[in-house]
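Novice: Residues per chain, in single letters:
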Amino acid sequence: MRSIIEYLKEIVFGVWSLMQGMKVTGSYFFRPSTIVTQKYPDNRKELVMYERFKGEVVMPHNEKNEHKCTGCGICELNCPNGTIEIISKTIVTEDGKKKKAIDKHIYRLGMCTFCALCVKTCPSNALAFSQGFEHAVFNRALLIKTLNKPGSQLMKGVE
Amino acid sequence: MPFDIYNFTSFTQWIDSSLHNAMSPFWTALTEMVIIGVLVLMFYAVVGLFLVYAERKVCAFMQNRLGPNRVGPFGIFQTIADLVKLLFVELIPIKNADGFLFNLAPFIVIIAGFMAIAAIPFANGLHAIDMNIGVLYVIAVSSMGVIGVLLAGWSSNNKYSLIGAMRSGAQIISYELSVGLALITIVILAGSMQLSVIVEAQRDGWFIFKGHIPAFIAFIIFLISSTAETNRGPFDLAEAESELTAGYHTEYSGIKFAFFFLAEYMNMFIVASIAATIFLGGWMPFHVGPWVGFNHIMDFIPPFVWYIGKTFFVIFLMMWFKWTFPRLRIDQLLTLEWKYLLPINLVNVLIMAFLVLMGWHF
Numbered sequence: 001m002r003s004i005i006e007y008l009k010e011i012v013f014g015v016w017s018l019m020q021g022m023k024v025t026g027s028y029f030f031r032p033s034t035i036v037t038q039k040y041p042d043n044r045k046e047l048v049m050y051e052r053f054k055g056e057v058v059m060p061h062n063e064k065n066e067h068k069c070t071g072c073g074i075c076e077l078n079c080p081n082g083t084i085e086i087i088s089k090t091i092v093t094e095d096g097k098k099k100k101a102i103d104k105h106i107y108r109l110g111m112c113t114f115c116a117l118c119v120k121t122c123p124s125n126a127l128a129f130s131q132g133f134e135h136a137v138f139n140r141a142l143l144i145k146t147l148n149k150p151g152s153q154l155m156k157g158v159e
Numbered sequence: 001m002p003f004d005i006y007n008f009t010s011f012t013q014w015i016d017s018s019l020h021n022a023m024s025p026f027w028t029a030l031t032e033m034v035i036i037g038v039l040v041l042m043f044y045a046v047v048g049l050f051l052v053y054a055e056r057k058v059c060a061f062m063q064n065r066l067g068p069n070r071v072g073p074f075g076i077f078q079t080i081a082d083l084v085k086l087l088f089v090e091l092i093p094i095k096n097a098d099g100f101l102f103n104l105a106p107f108i109v110i111i112a113g114f115m116a117i118a119a120i121p122f123a124n125g126l127h128a129i130d131m132n133i134g135v136l137y138v139i140a141v142s143s144m145g146v147i148g149v150l151l152a153g154w155s156s157n158n159k160y161s162l163i164g165a166m167r168s169g170a171q172i173i174s175y176e177l178s179v180g181l182a183l184i185t186i187v188i189l190a191g192s193m194q195l196s197v198i199v200e201a202q203r204d205g206w207f208i209f210k211g212h213i214p215a216f217i218a219f220i221i222f223l224i225s226s227t228a229e230t231n232r233g234p235f236d237l238a239e240a241e242s243e244l245t246a247g248y249h250t251e252y253s254g255i256k257f258a259f260f261f262l263a264e265y266m267n268m269f270i271v272a273s274i275a276a277t278i279f280l281g282g283w284m285p286f287h288v289g290p291w292v293g294f295n296h297i298m299d300f301i302p303p304f305v306w307y308i309g310k311t312f313f314v315i316f317l318m319m320w321f322k323w324t325f326p327r328l329r330i331d332q333l334l335t336l337e338w339k340y341l342l343p344i345n346l347v348n349v350l351i352m353a354f355l356v357l358m359g360w361h362f
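Chains as they are written, first to last, in my numbering: chain A, 1 to 159; chain B, 1 to 362.
Keep in mind that the hints are not guaranteed to be accurate.
To be verified - Here are the simulated BS3-like cross-link-like pairs (lysine-lysine), alpha carbons at most 30 Å apart as the crow flies:
1. B:Lys95 to A:Lys9
2. A:Lys64 to A:Lys100
3. B:Lys95 to B:Lys159
4. A:Lys23 to B:Lys339
5. A:Lys156 to A:Lys89
6. A:Lys120 to A:Lys104
7. A:Lys39 to B:Lys95
8. A:Lys9 to B:Lys159
9. A:Lys23 to B:Lys95
Since the hints were derived computationally from the structure, they do not count as laboratory data.
What you are looking at is a predicted structure, and each value in this text was computed from that prediction instead of being measured.
The whole structure should be built from the sequences, with the hints applied where relevant.
Specialist: Here is the structure:
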């Protein structure tokens, strides 16, 4: 008798647990708002990527064309695959001191693995990730980018 | 009868008599067969294409995706594009395959589907053959498809195909019993095996309501076991993609693969339409015994619409559990049949017989 009750219990529990599964898929089916697919090429105008998305390394400049990069070269040392190359120059400041400054911050997008070590280790937070992910170009040379804008200067107060 | 306006009997009889007047009985029979064959073929292709599209959409929505949406509005021409591609794909000849059986197998699978479709009443009078053993015929014919599957697996000379075909064989032999017993439950209630009589008996209420509990249990068992019989859903061991590449049709390409693919969806349609006919009243509108006015309003919806609606409801149920449940192992599959479905079914038949005897059904 007990085995029969166990058998019936098993059937009822089995049916109940299958119903739980069907409830989940059914609720997804009847609520199209749960769809996560992006219609990508159609919605590229309104497509917003996530804040933490690692698109490509950029150097943010303010409106006075100033950046925070001191040319210390820590990002170059930390880059595991030689993507970053710092070309520095020596400048004379207003009070007559000689100082090292950035001439060119070269970033080779084609070699970058987006590991974010450069962004994390930068002591003055000069680097950041942009949201752009459409990296395809027709010429390989276009993947070698200079991150500091021409004529840009070090921001005041950043040492 | 208000819904005599949707009665096709006089239309088909008019075609028959005008053909008889024009030619000898032999040629009349031949012409009628050709007409019905062409109609069924067209129906087969259209329904097959639509079901492939529907399956992909339903599956996509259940998995929080969009499904096909590039070819035409909402991707409705996707399957047509796929079919055109399949028609032009090269048929790869298989070395060391048994050529004759290899080429025969897809046709056997397709023919099984065709033969089953002949017995299904689509609407009042829209019925190719109305046999007095309709239910038995449908069970017998729809299980013939497994011969095609076994031939395909054996003749491909491929271990995946053979394993898939053998699993399919074991599965269909077991689940055939449950399909048969579930239908017998309703045959007891209807008192006939003729499909037109079964549909007519549901004029004052569908069998799933008339036979209440045992009919409902039989419906569930029929859904489970017929899904297994069509090698679908959680029972698709015969073509388990993750284990057997594509199972019995691994070696098939181009149009021969398309035959298998189409046959799978057509078998689903046939099974669903049998379920709709036997349990949900076929083309019979939704009637509640004594509510004359309500019944009269329901009669204005054409029977073909009722039939298609019910069939697609059952198809939706089958897709629903296909895309919810994980695939069963072969031992779980056989356990489910022999330890659960079959005993429940036998008891259910007994209960139904008792109910009919005591007149406890509606």
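Novice: A:Lys9 and B:Lys159: Cα distance at most 30 Å?
Specialist: violated, 40 Å
Novice: Compare the distance between the alpha carbons of A:Lys23 and B:Lys339 with 30 Å, and conclude whether the hinted pair is satisfied.
Specialist: holds, 26 Å
Novice: Against the 30 Å threshold, does the CA-CA distance of B:Lys95 and B:Lys159 hold or violate the hint?
Specialist: holds, 14 Å
Novice: Measure nothing beyond the straight line between the CA atoms of A:Lys23 and B:Lys95; if it is 30 Å or shorter, mark the hint as holding.
Specialist: violated, 48 Å
Novice: B:Lys95 and A:Lys9 were given as a pair; does the straight-line alpha-carbon distance stay at or below 30 Å?
Specialist: At roughly 53 Å apart (the allowed maximum being 30 Å), A:Lys9 and B:Lys95 break the hint.
Novice: For A:Lys156 and A:Lys89, compute the direct alpha-carbon distance and say whether it is at most 30 Å.
Specialist: holds, 18 Å
Novice: Tell me if the straight-line CA distance from A:Lys120 to A:Lys104 falls inside 30 Å.
Specialist: holds, 20 Å
Novice: Run the distance test for A:Lys64 versus A:Lys100: straight-line Cα separation, threshold 30 Å.
Specialist: Distance of about 21 Å is within 30 Å: holds.
Novice: Taking only the CA atoms, is the gap from A:Lys39 to B:Lys95 under or equal to 30 Å?
Specialist: Violated, because 44 Å separates the two Cα atoms, which is more than 30 Å.
Violation of the numbered hints given earlier is confined to hints 1, 7, 8, 9; the remaining hints are satisfied by the structure.
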